[in-house]
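Protein chains in written order, with numbering that gives the first Met the number 0: chain A, 0 to 220; chain B, 0 to 220; chain C, 0 to 221; chain D, 0 to 221.
Among the hints, erroneous ones may be present.
Said to hold, decoys possible - Calculated cross-link-like contacts (lysine-lysine; reagent style BS3-like; alpha-carbon spacing at most 30 Å): (1) C/Lys160 to A/Lys57; (2) C/Lys159 to B/Lys57; (3) B/Lys139 to D/Lys63; (4) B/Lys112 to C/Lys133; (5) A/Lys57 to D/Lys159; (6) C/Lys89 to B/Lys121; (7) C/Lys185 to A/Lys139; (8) D/Lys89 to A/Lys121; (9) C/Lys63 to B/Lys112; (10) B/Lys124 to C/Lys159; (11) D/Lys89 to A/Lys112; (12) A/Lys73 to A/Lys150; (13) A/Lys97 to D/Lys94; (14) B/Lys73 to C/Lys89; (15) C/Lys147 to B/Lys139; (16) C/Lys63 to B/Lys124; (17) B/Lys121 to B/Lys140; (18) A/Lys139 to D/Lys147; (19) B/Lys73 to B/Lys124; (20) C/Lys147 to D/Lys133; (21) B/Lys150 to B/Lys2; (22) A/Lys73 to D/Lys81; (23) B/Lys140 to D/Lys185; (24) A/Lys97 to A/Lys140; (25) D/Lys45 to D/Lys63; (26) B/Lys58 to C/Lys160; (27) D/Lys45 to A/Lys150.
In case anyone wonders, no lab produced these hints; they're calculated from the structure.
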Amino acid sequence: MEKRKLTREQIAQRIARDLQTGDIVNIGIGIPVLVSNYVASDAEIIYHSEQGVLGMGKKAKPGEEDPDLVNASKEPVTLVPGGSYSHSADSFAMARGKHIDVAILGGMQVSEKGDLANWKVKGVKLGSIGGAMDIAIGAKKIFIAMTHTSKSGEIKIVNQLDYPVTALHCVNRIYTDLAVIDVTRDGLILKEIAPGFTIEEVQEVTEPKLIKAEDLKVIEV
Amino acid sequence: MEKRKLTREQIAQRIARDLQTGDIVNIGIGIPVLVSNYVASDAEIIYHSEQGVLGMGKKAKPGEEDPDLVNASKEPVTLVPGGSYSHSADSFAMARGKHIDVAILGGMQVSEKGDLANWKVKGVKLGSIGGAMDIAIGAKKIFIAMTHTSKSGEIKIVNQLDYPVTALHCVNRIYTDLAVIDVTRDGLILKEIAPGFTIEEVQEVTEPKLIKAEDLKVIEV
Amino acid sequence: MINKTFDSIDDAVADIADGSTILFGGFGGAGVAYESILALYRQGAKNIIGVSNNPGYEHEGIAKLILHDRLSKLMCSFPNNKQSYVFIEKYNQGKIDLELIPQGTFAERIRAGGAGIEAFFTPTGVGTEVAIGKEEREINGVTCILEKAIRGDYAFVKAKKADRWGNLVYNKSGRNFNPVMAMAGKITIAEVDEIVEIGELDPETIVTPGIFVQRIVKRSGL
Amino acid sequence: MINKTFDSIDDAVADIADGSTILFGGFGGAGVAYESILALYRQGAKNIIGVSNNPGYEHEGIAKLILHDRLSKLMCSFPNNKQSYVFIEKYNQGKIDLELIPQGTFAERIRAGGAGIEAFFTPTGVGTEVAIGKEEREINGVTCILEKAIRGDYAFVKAKKADRWGNLVYNKSGRNFNPVMAMAGKITIAEVDEIVEIGELDPETIVTPGIFVQRIVKRSGL
Numbered sequence: 000m001e002k003r004k005l006t007r008e009q010i011a012q013r014i015a016r017d018l019q020t021g022d023i024v025n026i027g028i029g030i031p032v033l034v035s036n037y038v039a040s041d042a043e044i045i046y047h048s049e050q051g052v053l054g055m056g057k058k059a060k061p062g063e064e065d066p067d068l069v070n071a072s073k074e075p076v077t078l079v080p081g082g083s084y085s086h087s088a089d090s091f092a093m094a095r096g097k098h099i100d101v102a103i104l105g106g107m108q109v110s111e112k113g114d115l116a117n118w119k120v121k122g123v124k125l126g127s128i129g130g131a132m133d134i135a136i137g138a139k140k141i142f143i144a145m146t147h148t149s150k151s152g153e154i155k156i157v158n159q160l161d162y163p164v165t166a167l168h169c170v171n172r173i174y175t176d177l178a179v180i181d182v183t184r185d186g187l188i189l190k191e192i193a194p195g196f197t198i199e200e201v202q203e204v205t206e207p208k209l210i211k212a213e214d215l216k217v218i219e220v
Numbered sequence: 000m001e002k003r004k005l006t007r008e009q010i011a012q013r014i015a016r017d018l019q020t021g022d023i024v025n026i027g028i029g030i031p032v033l034v035s036n037y038v039a040s041d042a043e044i045i046y047h048s049e050q051g052v053l054g055m056g057k058k059a060k061p062g063e064e065d066p067d068l069v070n071a072s073k074e075p076v077t078l079v080p081g082g083s084y085s086h087s088a089d090s091f092a093m094a095r096g097k098h099i100d101v102a103i104l105g106g107m108q109v110s111e112k113g114d115l116a117n118w119k120v121k122g123v124k125l126g127s128i129g130g131a132m133d134i135a136i137g138a139k140k141i142f143i144a145m146t147h148t149s150k151s152g153e154i155k156i157v158n159q160l161d162y163p164v165t166a167l168h169c170v171n172r173i174y175t176d177l178a179v180i181d182v183t184r185d186g187l188i189l190k191e192i193a194p195g196f197t198i199e200e201v202q203e204v205t206e207p208k209l210i211k212a213e214d215l216k217v218i219e220v
Numbered sequence: 000m001i002n003k004t005f006d007s008i009d010d011a012v013a014d015i016a017d018g019s020t021i022l023f024g025g026f027g028g029a030g031v032a033y034e035s036i037l038a039l040y041r042q043g044a045k046n047i048i049g050v051s052n053n054p055g056y057e058h059e060g061i062a063k064l065i066l067h068d069r070l071s072k073l074m075c076s077f078p079n080n081k082q083s084y085v086f087i088e089k090y091n092q093g094k095i096d097l098e099l100i101p102q103g104t105f106a107e108r109i110r111a112g113g114a115g116i117e118a119f120f121t122p123t124g125v126g127t128e129v130a131i132g133k134e135e136r137e138i139n140g141v142t143c144i145l146e147k148a149i150r151g152d153y154a155f156v157k158a159k160k161a162d163r164w165g166n167l168v169y170n171k172s173g174r175n176f177n178p179v180m181a182m183a184g185k186i187t188i189a190e191v192d193e194i195v196e197i198g199e200l201d202p203e204t205i206v207t208p209g210i211f212v213q214r215i216v217k218r219s220g221l
Numbered sequence: 000m001i002n003k004t005f006d007s008i009d010d011a012v013a014d015i016a017d018g019s020t021i022l023f024g025g026f027g028g029a030g031v032a033y034e035s036i037l038a039l040y041r042q043g044a045k046n047i048i049g050v051s052n053n054p055g056y057e058h059e060g061i062a063k064l065i066l067h068d069r070l071s072k073l074m075c076s077f078p079n080n081k082q083s084y085v086f087i088e089k090y091n092q093g094k095i096d097l098e099l100i101p102q103g104t105f106a107e108r109i110r111a112g113g114a115g116i117e118a119f120f121t122p123t124g125v126g127t128e129v130a131i132g133k134e135e136r137e138i139n140g141v142t143c144i145l146e147k148a149i150r151g152d153y154a155f156v157k158a159k160k161a162d163r164w165g166n167l168v169y170n171k172s173g174r175n176f177n178p179v180m181a182m183a184g185k186i187t188i189a190e191v192d193e194i195v196e197i198g199e200l201d202p203e204t205i206v207t208p209g210i211f212v213q214r215i216v217k218r219s220g221l
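Next comes chain A alone, as it looks inside the complex:
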């Protein structure tokens, strides 16, 4: 089989397959924003946006923008029928109170225990937390979407974080251009692997020891 790393779009596409009707989903910046493009059109997924929008719809068409209806990246969006508005304390009650089913977030580092770093690069003085910490501890499941290694080849799935922590023990599943990995009490389970890659090749760019899933398969995209 030809070796083929997943594109950003393919990572998003793979994640979309793990969402189901009724899921309330918070979407982070980066690869996660692409996920909704791949959700089946008949699936009713409810998107939560931290500034107090539940049921966020598509981006607003030109001429239909309302400066008071924006997504977390300040872009004009819409509300779907059934959507609602909340103030920020209630919006984060949804997160912190474990009412959000899935948060799909970017990652800078993820540790073997599921610790997440995604808000500030190492050694920098100033970073923005935004809603990252609240959502990482709050959603029932945390999916991380990221490239397996950084552009410079730095390993991102590590034994111990050395980037500033976002939240401890929070990640459930990691989706990269090379693999789908579950974070479990027993360790990291390699569930799916990119076309043409070997377990050894994925292990080489993953610091903790990967456990091969009994039903390990090739990522379908």
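Please build the complex by placing chains B, C and D on the supplied structure of chain A, with the hints as guidance.
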């Protein structure tokens, strides 16, 4: 001057004179419920009711009752124009957060330091707190409306409470059938006295030493 | 398609196990999910820990559950009332436990449960019997006691309208504890006067977003 | 007659003293009380402690105050953004202090301030740099840190409509921090698109009851 204790209605009437337009007022059970009858008709007083009504109006007329619009005693009431509804946590945020200007409450005992007992009689096993404790610590000013002594002649303004405490250091002013008394750091100041009574007569039924106000006057009712 | 509607209130309460903690909305008779409570009575679950501002009046509401010894404990602010004679008698007989909670603390502990706040410091109750056994601390110059979150396995709420996502609006002071209980119930069952089409409720006026509601039943009115 | 309306936004901010803590509503550009901020700029108060989710973009909103060294400290969740270059430069020059707060904790600390809750235990931030110097405790099996209430001497909120009692409704996600900031401001100044007659707002849809609002000004739109 003829000795004349104030009636319950006169106590309420006297309290009403201390309210002014714009005051947000919480009303307890007993004498306090009579106060609104004596507020000037052109004064805009906003009544807060603990179950989530701000701007509570008069009792509902027969045939206009809504079982979902009741006062704290479960009687059907109305809402005035400008009124609004809140859930119970927000309603008590109004109290605890010091947004209510005045609470007018009944009292079983008040101490020299302004400690209040008004939720349970002494020695009884079961009592109802309701909103009493939250409102007593929350309103900016606490006015107590009560008879100066109990029916059996027991003194109610005491050095130390021996009834179950509602809240400590909370009472600002006491209105009785005999006197208007301010609770201050220096002690209890006798501000007004019922027609025909002497300071000594009021002192006799008041355990802590009363301080005569420089401008002591007869209660006008 | 998301559809949280149950045709039968009996189906909506069928899985409630003995020993469950249930949050019951309502203040006086306003905003009480009476039909859900009757269904729970028929269903038979025992040793319920009830969280309700009051214990029901005469034989109505949760008073009926208490009368039949179905509640092992009640957390409430207003247990003692002439019409609450069912509770008072059971309490005096030692057949039901009571945790007496100031009403504002009661509402806030439930909101905390729904909001993932595990505990908070409040000035309410300092120096009273409510403070016994609780940590006391001065914060920002205010003496406070520490109060912990309350959560329910179920919440029984009453609303005016719902849509199939579980968005709710209430009627007047029937709102009371219902929105915070909806937040704090693992499974929130909303008993409503009317179920409307999705998109029919004005998004600016929705008080309880559907995220907090798992099951909806229209009142039969019987 | 109660009338909280000010004809001029300059009058509404005239008494703000140097060193005041001010809560500024808004998320991105949504729900920002821009005219109130400009009036504060004209008014001249210095050493303001600003509480705002972000430090303004380019030279807009509180970025203008920061540019002119009028804020001594900013409490916020999102200081670092390409368009927040004014804050970043002042921060790097040591001209403004920063308290960095997770957004949910930020909103909840402000609500706590408004609700008379002095502090609360939250799981957000455990094990992160946000937890440094804060008490950590396990409650109900969840590791938490203790976070304290935030209050403002003033709150600048933006709403869609008000009546003379100060009842407010908002527009869409322009709501954001405004309702909790209105609660937590000792003097809350509401900048609104429209002032309507008393009784015109549906009581079921009022988001911020007038009890939380002290001053109202209609936007000039200039």
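The hints, checked one at a time:
1. C/Lys160 to A/Lys57: 27 Å, holds
2. C/Lys159 to B/Lys57: Given that 30 Å is the threshold and the Cα spacing comes to 24 Å, the pair holds.
3. B/Lys139 to D/Lys63: 36 Å, violated
4. B/Lys112 to C/Lys133: 24 Å, holds
5. A/Lys57 to D/Lys159: Given pair A/Lys57, D/Lys159 holds - Cα atoms ~24 Å apart, limit 30 Å.
6. C/Lys89 to B/Lys121: Distance of about 22 Å is within 30 Å: holds.
7. C/Lys185 to A/Lys139: 13 Å, holds
8. D/Lys89 to A/Lys121: 22 Å, holds
9. C/Lys63 to B/Lys112: 44 Å, violated
10. B/Lys124 to C/Lys159: Answer violated: B/Lys124 to C/Lys159 is near 38 Å, above 30 Å.
11. D/Lys89 to A/Lys112: Violated. D/Lys89 to A/Lys112 sits at ~38 Å, over the 30 Å cutoff.
12. A/Lys73 to A/Lys150: Holds, because 27 Å separates the two Cα atoms, which is no more than 30 Å.
13. A/Lys97 to D/Lys94: 39 Å, violated
14. B/Lys73 to C/Lys89: It holds: about 23 Å lies between the C-alpha atoms, which stays within 30 Å.
15. C/Lys147 to B/Lys139: Holds, at about 26 Å.
16. C/Lys63 to B/Lys124: Measuring from Cα to Cα gives roughly 23 Å; hence the hint holds.
17. B/Lys121 to B/Lys140: 26 Å, holds
18. A/Lys139 to D/Lys147: Roughly 26 Å separates the two Cα atoms, so the pair holds.
19. B/Lys73 to B/Lys124: Distance of about 24 Å is within 30 Å: holds.
20. C/Lys147 to D/Lys133: 19 Å, holds
21. B/Lys150 to B/Lys2: 19 Å, holds
22. A/Lys73 to D/Lys81: 13 Å, holds
23. B/Lys140 to D/Lys185: 16 Å, holds
24. A/Lys97 to A/Lys140: 9 Å, holds
25. D/Lys45 to D/Lys63: 13 Å, holds
26. B/Lys58 to C/Lys160: 26 Å, holds
27. D/Lys45 to A/Lys150: Not OK: D/Lys45 and A/Lys150 at ~45 Å, beyond 30 Å, violated.
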